[in-house]
Amino acid sequence: MNMLGRRAVLVLPALAAAPASAQVSSVGPVAQPAEAESFEAAERAILAGRTPVTTGIEVEVPRLSENGNSVDISVKVDSPFTAEDHVTAIHILSERNPYPRVASFGLSARSGRAEVATRIRLATSQNILVLAETSRGQVRRASRDVIVILGACVEGG
Amino acid sequence: MRRAAALLALLPPIAIGLLAGAAELRPSRDFLSPELRGQQEDPSRHPGWLWVDEGEVLWQEGERSCQSCHGDIGSMAGVATRYPALEQDGALLNLEGRIERCRTQYQSEAAFGYESEALLSLTAAIATRSRGLPMSVAVDGPAAAILEEGRRLYETRQGQLNLACGQCHDDNAGRRLRGDVISNGLGTGYPAYRLEWNTLGSLHRRLRACSLGVRATQFDLGSREYLTLELFLAHRATGLPVEAPGLRR
Amino acid sequence: MSGSLITARITLPATARRGEVVPVRVIVRHPMDRAIDAPGLTPVPRRILHSMRVTYAGEEVFRMALSPGITANPYVEFTTVAVETGDIVFEWIEDGGTVYRREARLVVT
Numbered sequence: 376m377n378m379l380g381r382r383a384v385l386v387l388p389a390l391a392a393a394p395a396s397a398q399v400s401s402v403g404p405v406a407q408p409a410e411a412e413s414f415e416a417a418e419r420a421i422l423a424g425r426t427p428v429t430t431g432i433e434v435e436v437p438r439l440s441e442n443g444n445s446v447d448i449s450v451k452v453d454s455p456f457t458a459e460d461h462v463t464a465i466h467i468l469s470e471r472n473p474y475p476r477v478a479s480f481g482l483s484a485r486s487g488r489a490e491v492a493t494r495i496r497l498a499t500s501q502n503i504l505v506l507a508e509t510s511r512g513q514v515r516r517a518s519r520d521v522i523v524i525l526g527a528c529v530e531g532g
Numbered sequence: 097m098r099r100a101a102a103l104l105a106l107l108p109p110i111a112i113g114l115l116a117g118a119a120e121l122r123p124s125r126d127f128l129s130p131e132l133r134g135q136q137e138d139p140s141r142h143p144g145w146l147w148v149d150e151g152e153v154l155w156q157e158g159e160r161s162c163q164s165c166h167g168d169i170g171s172m173a174g175v176a177t178r179y180p181a182l183e184q185d186g187a188l189l190n191l192e193g194r195i196e197r198c199r200t201q202y203q204s205e206a207a208f209g210y211e212s213e214a215l216l217s218l219t220a221a222i223a224t225r226s227r228g229l230p231m232s233v234a235v236d237g238p239a240a241a242i243l244e245e246g247r248r249l250y251e252t253r254q255g256q257l258n259l260a261c262g263q264c265h266d267d268n269a270g271r272r273l274r275g276d277v278i279s280n281g282l283g284t285g286y287p288a289y290r291l292e293w294n295t296l297g298s299l300h301r302r303l304r305a306c307s308l309g310v311r312a313t314q315f316d317l318g319s320r321e322y323l324t325l326e327l328f329l330a331h332r333a334t335g336l337p338v339e340a341p342g343l344r345r
Numbered sequence: 002m003s004g005s006l007i008t009a010r011i012t013l014p015a016t017a018r019r020g021e022v023v024p025v026r027v028i029v030r031h032p033m034d035r036a037i038d039a040p041g042l043t044p045v046p047r048r049i050l051h052s053m054r055v056t057y058a059g060e061e062v063f064r065m066a067l068s069p070g071i072t073a074n075p076y077v078e079f080t081t082v083a084v085e086t087g088d089i090v091f092e093w094i095e096d097g098g099t100v101y102r103r104e105a106r107l108v109v110t
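As you go down the protein sequences, you meet chains Z, A and U in turn.
The first sequence begins at 376 in this note's numbering and counts up by one.
The second sequence begins at 97 in this note's numbering and counts up by one.
The third sequence begins at 2 in this note's numbering and counts up by one.
Derived by calculation from the structure, the hints in this document are not laboratory data.
No experiment lies behind these values; they were computed from the predicted model shown.
No residue lacks a Cβ here, since even glycine has one placed at the ideal position from N, Cα and C.
A few of these clues could be false.
Think about it this way: if two alpha-carbon atoms lie no more than 25 angstroms apart in a straight line, the pair counts; the simulated SDA-like pairs of lysine to any residue are [unchecked claim]:
#: 1; chain 1: Z; residue 1: LYS451; chain 2: U; residue 2: THR43
#: 2; chain 1: Z; residue 1: LYS451; chain 2: U; residue 2: ARG48
#: 3; chain 1: Z; residue 1: LYS451; chain 2: A; residue 2: SER140
#: 4; chain 1: Z; residue 1: LYS451; chain 2: U; residue 2: VAL45
#: 5; chain 1: Z; residue 1: LYS451; chain 2: Z; residue 2: ASN502
#: 6; chain 1: Z; residue 1: LYS451; chain 2: U; residue 2: LEU13
#: 7; chain 1: Z; residue 1: LYS451; chain 2: U; residue 2: THR80
#: 8; chain 1: Z; residue 1: LYS451; chain 2: U; residue 2: PRO24
#: 9; chain 1: Z; residue 1: LYS451; chain 2: U; residue 2: THR56
#: 10; chain 1: Z; residue 1: LYS451; chain 2: U; residue 2: GLU78
Derived coverage of chain U by chain A (criterion: at least 3 residues anywhere in the stretch with Cβ under 8 angstroms from a Cβ of chain A; other residues may be distant) [said to hold, decoys possible]:
#: 11; region: 26–36
#: 12; region: 70–82
#: 13; region: 86–96
With the hints as extra help, turn the sequences into a complete structure.
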């Protein structure tokens, strides 16, 4: 069931760039399309026809998670981080959660490095996909399998 | 290499359980995985501290604020080590009950209500002032009889699974059960942030989950039954450190 | 710019040298209620923080789009270059449009 069919989706406009610094990519909130988007469709939408490389991206997530309610994930992407060549966005996708787009991060040259971390919910054992976009239009891709002992979407005492 | 690291993370609690033997109680943090234990010790990453922060704000709120009588919240150091306690008028109060008594009798305010966000926050903020301090509840005089009530509850087989608390928490501490490692069930980490709840909760909420787990009657939050059991657990944990706010699976 | 208060812990170094890459950690109090609507379970409407944006020295320097797949009481780590002494401003937008705001000062030498 799509809870968000009629909900207005707020899109944050990107700010105009200040002199001598780069603009943050307009990531916006995770847009929930009118029909449920599949994991494969989400990846295709983000790739937008580009072929990703699998080097220069490091994803740390436990191989085995004790509790799917809180899984630590961190991402590091190699990049010179100049005004002209830096990471602009990092996306975390889940193969088996109700919503495949778990998180998207918007970075700029002022980030200094592409190093982000967060905690995610995993409904069950599955594949996690991370895609990183650069200002030069490159995409880096990493994929990790996570085994989840106790899924997030289980209600207990 | 990742698989080896994951297996290694599982071993230490089991090893501790097998080495310790039934008589030796260990702090609950010893039963956490290294990852969770690290998080529990890091206030920048442990969600429980968000409730402590809110409790510290509540401490100062209102005309007859906690602060107006007790001064700085630092004065609460040691308080959590002495609860539950039998008050002069015979009432058995845990820390939550003591806070509610202050609220209704001295601050002329309505009680917060068990498991309300406000009571959880204040309880966490006050309990944290005793973090690391050894438990030391009084069980002499009239409290002795209450201790025995609690001990009976702890030692009685209950529920459809016909289990007594000690069968898990003394005899099988360190072993795995349903993806979790069984601790000594001290209760010293409460209020605790439980991943399963996605929020901070009280010891009585956790006791209700235990009762449900063995398919026994769940008593009410703040019930006489859980209060006497809490007194027994606190006495059993004498000398072991307060760990609030705890982080649990 | 105004916003409602929300409980959050922001962790930054007290000072940084100009040009240094500063690690930032933030954990914010929010239940991130996923929609629950299944037989046998208490129905819970969705209510999450769906966006976080971070502004520093006049510009947005970081943003995050969150989903129901983000753990309750969201925790995030990111980095930013120390540019000048000033407030790093965090804003979160909740389903329904409420904006929450917290700040932390970074001293740059």
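Consistency of the hints with the structure:
1. For the suggested pair LYS451 of chain Z and THR43 of chain U, the alpha carbons sit about 39 angstroms apart, so the restraint of at most 25 angstroms is broken.
2. With a C-alpha separation of about 30 angstroms, the suggested pair LYS451 of chain Z and ARG48 of chain U falls outside the 25 angstroms cut-off, and the hint is violated.
3. Distance hint between LYS451 of chain Z and SER140 of chain A is fulfilled; the C-alpha atoms sit about 21 angstroms from each other, no more than 25 angstroms.
4. With a C-alpha separation of about 35 angstroms, the suggested pair LYS451 of chain Z and VAL45 of chain U falls outside the 25 angstroms cut-off, and the hint is violated.
5. At roughly 18 angstroms between alpha-carbon atoms, LYS451 of chain Z and ASN502 of chain Z fall within 25 angstroms of each other, so this suggested pair holds.
6. For the suggested pair LYS451 of chain Z and LEU13 of chain U, the alpha carbons sit about 19 angstroms apart, so the restraint of at most 25 angstroms is met.
7. For the given pair, LYS451 of chain Z sits about 11 angstroms from THR80 of chain U by alpha-carbon distance, which is consistent with the 25 angstroms threshold.
8. At roughly 13 angstroms between alpha-carbon atoms, LYS451 of chain Z and PRO24 of chain U fall within 25 angstroms of each other, so this suggested pair holds.
9. For the proposed pair LYS451 of chain Z and THR56 of chain U, the alpha carbon gap of about 22 angstroms is at most 25 angstroms, so the pair holds.
10. Of the pairs offered as hints, the one joining LYS451 of chain Z and GLU78 of chain U holds, with about 11 angstroms between alpha carbons and a cut-off of 25 angstroms not exceeded.
11. Requiring three or more residues with a Cβ within less than 8 angstroms of a Cβ of chain A, the coverage given for the region 26–36 of chain U holds, as 6 such residues are present.
12. Coverage of the region 70–82 of chain U by chain A holds [criterion: at least 3 residues with CB-CB distance below 8 angstroms; count 4].
13. Interface restraint, the region 86–96 of chain U with chain A: violated (0 residues with C-beta to C-beta distance below 8 angstroms; minimum three).
When the structure is compared with the earlier hints, violations turn up for hints 1, 2, 4, 13 and for no others.
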